[in-house]
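Each chain is listed here by its residues.
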Amino acid sequence: KQEVTQIPAALSVPEGENLVLNCSFTDSAIYNLQWFRQDPGKGLTSLLLIQSSQREQTSGRLNASLDKSSGRSTLYIAASQPGDSATYLCAVEETSGSRLTFGEGTQLTVNP
Amino acid sequence: NAGVTQTPKFRILKIGQSMTLQCTQDMNHNYMYWYRQDPGMGLKLIYYSVGAGITDKGEVPNGYNVSRSTTEDFPLRLELAAPSQTSVYFCATGLSGNTIYFGEGSWLTVV
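Here the protein sequences line up with chains S and Y, keeping their order. All the letters of the first sequence, read from the start, carry residue numbers 1 to 112 under our numbering. All the letters of the second sequence, read from the start, carry residue numbers 1 to 111 under our numbering.
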């Protein structure tokens with residue numbers, strides 16, 4: 001059974017800092033991995049999707065990497081801003097169209 | 001283009017009551033999912049569907065039922081509500097191997 005773990009559970013940083021969120025998964029036979037953002041009381045918004053054949057994806061200040069062999073992904077946020085404060089979740093899809101298995105998320109607070 | 005629409009947003013149920021959470025999408029996606037999220041936890045899959053007429057159990061299906069008669073709609077039925085079903089429910093849609101889109105969530109309390 002696939003298990004997804006996110007470390008740390010919570011992170012508080014000053015504005016402007018570069019930061020890394022970690023995601024690990026137990027079964028490396030994945031189809032893709034997605035990073036989501038969740039604001040309080042809201043649904044999830046997809047940030048980046050990395051296919052299993054890719055090593056990284058970038059969108060603006062966000063960069064996500066994937067190392068399938070070691071079962072790890074990182075989400076790098078450059079020059080953090082208070083508006084980045086949210087919970088970030090990673091999820092893996094094991095086969096095309098199958099269920100997503102989610103981590104428990106990292107709650108990020110960026111202080112002005 | 002509304003995306004994924006869930007109703008109701010909030011609901012309080014008494015133990016033993018039944019209700020249906022509605023989910024509608026206008027993106028013509030074949031895959032639809034129902035997840036629940038308990039406080040401080042990740043999302044757990046209840047049921048999913050790969051197309052109209054096809055549904056399958058997820059990780060935590062007990063106490064729930066679904067149907068998928070059309071591409072657009074994927075209602076989640078709670079039978080004999082229990083306090084353990086107090087949670088936030090999210091409907092999601094997507095195409096095979098692509099980005100998943102979530103609704104805004106339905107907050108359910110069973111008392």
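Everything labelled a hint here was simulated from the structure, so no lab data went into it. Treat the numbers as computed from the prediction; the structure is a model and nothing was measured. Fair warning: there could be bad hints in the mix.
Said to hold, decoys possible - Computed Cβ-Cβ distance ranges for the label pairs, DEER-style:
id	chain 1	residue 1	chain 2	residue 2	range
1	Y	Gly51	S	Ser69	41 to 51 Å
2	S	Pro40	Y	Gly3	11 to 21 Å
3	S	Arg61	Y	Gln17	43 to 53 Å
4	Y	Trp107	S	Val20	31 to 41 Å
Note that CB positions come from ideal geometry on N, CA and C, so glycine has one too.
Right, here's what the structure says about each hint:
Checked against the hint of 41 to 51 Å, the C-beta distance between Y:Gly51 and S:Ser69 comes to roughly 33 Å, which is inconsistent with it. In this structure the supplied range 11 to 21 Å holds for S:Pro40 paired with Y:Gly3, their Cβ-Cβ distance being about 20 Å. Our hint of 43 to 53 Å for S:Arg61 and Y:Gln17 holds, since their Cβ atoms are close to 46 Å apart. Separation of Y:Trp107 from S:Val20 is about 32 Å and conforms to the stated range, judged on CB atoms against 31 to 41 Å.
Hint 1 alone, counting from the list given before, is not met by this structure.
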